[in-house]
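Novice: Use the sequences and the hints to build the structure in full.
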Amino acid sequence: MSPSAQSGETQTARQHRHSAIRHRWDALRKRVGDLAIRLVEEPDVETASWRLPADVTSAGLARRLVHERLTTWGMEDLSDVTQLLVTELVTNVVCHTCCGDLVVRLSAVEGLLRCEVEDTDGTMPQMAQPSSGEEHGRGLRLMDTLACCWGAERTRQGKITWFELPAYALH
Numbered sequence: 058m059s060p061s062a063q064s065g066e067t068q069t070a071r072q073h074r075h076s077a078i079r080h081r082w083d084a085l086r087k088r089v090g091d092l093a094i095r096l097v098e099e100p101d102v103e104t105a106s107w108r109l110p111a112d113v114t115s116a117g118l119a120r121r122l123v124h125e126r127l128t129t130w131g132m133e134d135l136s137d138v139t140q141l142l143v144t145e146l147v148t149n150v151v152c153h154t155c156c157g158d159l160v161v162r163l164s165a166v167e168g169l170l171r172c173e174v175e176d177t178d179g180t181m182p183q184m185a186q187p188s189s190g191e192e193h194g195r196g197l198r199l200m201d202t203l204a205c206c207w208g209a210e211r212t213r214q215g216k217i218t219w220f221e222l223p224a225y226a227l228h
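Count along the sequence shown starting at 1, add 57, and that's the number in the numbering used here.
Keep in mind that the hints were calculated from the coordinates and are not lab data. None of these values were measured; they are calculated from a predicted model. Glycine included, each C-beta is placed from N, C-alpha and C at the ideal position. Honestly, I wouldn't trust all of these hints.
If you anchor each label on the Cβ, the simulated ranges turn out as follows [said to hold, decoys possible]:
no., residue 1, residue 2, range
1, 213, 136, 31 to 37 Å
2, 155, 114, 16 to 22 Å
3, 198, 121, 20 to 26 Å
4, 117, 153, 14 to 20 Å
5, 102, 183, 16 to 22 Å
6, 101, 136, 15 to 21 Å
7, 131, 181, 33 to 39 Å
8, 131, 211, 31 to 37 Å
9, 156, 223, 30 to 36 Å
10, 156, 130, 18 to 24 Å
Specialist: This is the structure we're talking about:
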């Protein structure tokens with residue numbers, strides 16, 4: 058699959074996402090102060106995205122794509138946790154939404170990895186309270202335990218559920 062076929066994003070959407078990442082970097086620089094400004098004038102931003110069908114094969118495909126990209130970026134230490142959490146997010150889309158494709162996005166900026174899964178269902182995820190015998194309902198608890206932060210945001214077409222992992226915490 059060609060890179061342009063992998064990504065269903067328009068140029069405008071990519072620019073908006075890149076702008077959002079830069080905005081977060083600027084906010085971090087303001088919090089950290091002059092030290093960050095002296096160390097790094099502009100962050101290196103890595104991004105990747107893939108449009109996948111909302112079906113049972115997509116969780117495995119998303120795992121493989123994420124692993125390959127993190128290896129390319131030299132972030133192999135994050136691969137196992139990221140693969141587990143992206144599997145949970147993609148599986149939630151497949152199990153709990155009605156239709157449409159999903160988009161998996163990765164971005165890395167200065168040691169912070171962000172993963173997003175976008176779908177066409179506006180229903181926001183809710184943390185379940187499964188009993189000990191239930192097989193389902195623990196995905197968001199995993200997210201809450203393993204990610205430094207996570208959340209969900211409504212979009213015009215549905216929602217984006219995301220998590221972030223700091224690369225430096227694993228070294």
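Novice: Could you run down the list of hints and mark each one as holding or not?
Specialist: Going through the hints against the structure:
{"no.": "1", "hint": "213 to 136: 31 to 37 Å", "in the structure": "32 Å, holds"}
{"no.": "2", "hint": "155 to 114: 16 to 22 Å", "in the structure": "18 Å, holds"}
{"no.": "3", "hint": "198 to 121: 20 to 26 Å", "in the structure": "25 Å, holds"}
{"no.": "4", "hint": "117 to 153: 14 to 20 Å", "in the structure": "18 Å, holds"}
{"no.": "5", "hint": "102 to 183: 16 to 22 Å", "in the structure": "32 Å, violated"}
{"no.": "6", "hint": "101 to 136: 15 to 21 Å", "in the structure": "19 Å, holds"}
{"no.": "7", "hint": "131 to 181: 33 to 39 Å", "in the structure": "34 Å, holds"}
{"no.": "8", "hint": "131 to 211: 31 to 37 Å", "in the structure": "34 Å, holds"}
{"no.": "9", "hint": "156 to 223: 30 to 36 Å", "in the structure": "35 Å, holds"}
{"no.": "10", "hint": "156 to 130: 18 to 24 Å", "in the structure": "32 Å, violated"}
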